[in-house]
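Please take these sequences and the hints and turn them into a complete structure.
Each protein sequence line maps, in turn, to chains A and B.
My numbering puts the first sequence at residues 1 to 204.
My numbering puts the second sequence at residues 1001 to 1119.
Everything hinted at is true.
With a straight-line cut-off of 30 Å between C-alpha atoms, the simulated DSSO-like cross-links for lysine-lysine are:
(1) A:Lys174 / A:Lys185
(2) A:Lys185 / A:Lys202
(3) A:Lys193 / A:Lys179
(4) A:Lys174 / B:Lys1113
(5) B:Lys1113 / A:Lys185
(6) B:Lys1113 / A:Lys179
(7) B:Lys1113 / A:Lys177
(8) B:Lys1087 / A:Lys143
Quick list of the computed label-pair ranges, beta carbon to beta carbon:
(9) B:Ile1003 / A:Val74: 34 to 40 Å
(10) A:Phe90 / B:Thr1017: 27 to 33 Å
(11) A:Ile153 / B:Trp1118: 26 to 32 Å
Calculated from the structure, these hints are not laboratory results.
Computed from a predicted structure; not experimentally measured.
A virtual CB, placed ideally from N, CA and C, is assigned to each residue, including glycine.
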Amino acid sequence: MITMLDLCFYMFGLTLIGSVVTVFLARNTVYSVFALIVAFFNSAGIFLLLGAEFLAFVLLIVYVGAVAILFLFVVMMIGADEPLKKKDLFKNVRGFILAAGVMVTEIIVFVTGKFTLPSATIMGDGDSQISNTHAIGEVLYTKYFLPFQLVGILLLIAMIGAIVLTLRNRTGVKRQKAKDQLQRKPSDTLELKDVPIGQGVKTK
Amino acid sequence: MAIDNYLPILLFIAIATGLACTMLAVSWLRGKRNPYDNKNAPYECGFDPVTKEPGKFDIRFYLVGILFVIFDVEIAFLFPWAVSLGKIGAAGFFSMVLFLAILTFGFIYEWMKGALDWE
Chain A
1 MITMLDLCFY MFGLTLIGSV VTVFLARNTV YSVFALIVAF FNSAGIFLLL
51 GAEFLAFVLL IVYVGAVAIL FLFVVMMIGA DEPLKKKDLF KNVRGFILAA
101 GVMVTEIIVF VTGKFTLPSA TIMGDGDSQI SNTHAIGEVL YTKYFLPFQL
151 VGILLLIAMI GAIVLTLRNR TGVKRQKAKD QLQRKPSDTL ELKDVPIGQG
201 VKTK
Chain B
1001 MAIDNYLPIL LFIAIATGLA CTMLAVSWLR GKRNPYDNKN APYECGFDPV
1051 TKEPGKFDIR FYLVGILFVI FDVEIAFLFP WAVSLGKIGA AGFFSMVLFL
1101 AILTFGFIYE WMKGALDWE
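Here's what the structure looks like:
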């Protein structure tokens, strides 16, 4: 008996696989990024079906809202001069097969349940009285205080790293300096002269 | 929240996708198509197209993008904090204050460095 949820799962799953295949088969890199966005949306749908609402919406906010835009910037910065040729597309096919083999092995190993990591147990107790977001909120800021602050420091490092790597001050660029502008007095730039008739102003 | 509450969103996505596909399909089936080289060429008033691609992006867009991602993640942490503030009490409140203080330090740094200025 296929329920509505199963149907949704298969729909999201198939679209996810299809869009991910499009990501690396599309000749135009911009299309790849758009296919990636579709993949993010479908992953969010699967998270919703699993009951991980918060994760689903964070995926939408952070990945679709920000990371996909970064990818677009990278694509435009590199500049896709000409579409990839079919020959180049399958240049790294051995690497693809290796990566796919590792993934499939991992999935088989974990699904058959021979090896489970102690921390990989599902934390949720199926308690539907409390929403996903509440459950995260109640433990993240107090019980997991240290990891939470480490996330803050990680973000700080990312911010400083991005600035150090990309910021360069070009010389000869006129910037607006509000403080200097406001503190300018007439005496700094203006000189009043008494000009006698018929003589003009003497220049130094 | 029960999964049933998302049914309207699912219906919305289904209708939107269906409508978009229908419009594309109908125009593909019913429209006249006889393309030729000149019709497919990008139109650039009177001139031959000089560059094939729009000019390369300044790296500053990337910097702004990364800074946006960071503050986006910061906001994502604020949501569960906001809904469960009543239960986690003062400890949770000051935990978030410390977190925000760390990121505000970064914000002041980037402001002072001039990373937010556009030349």
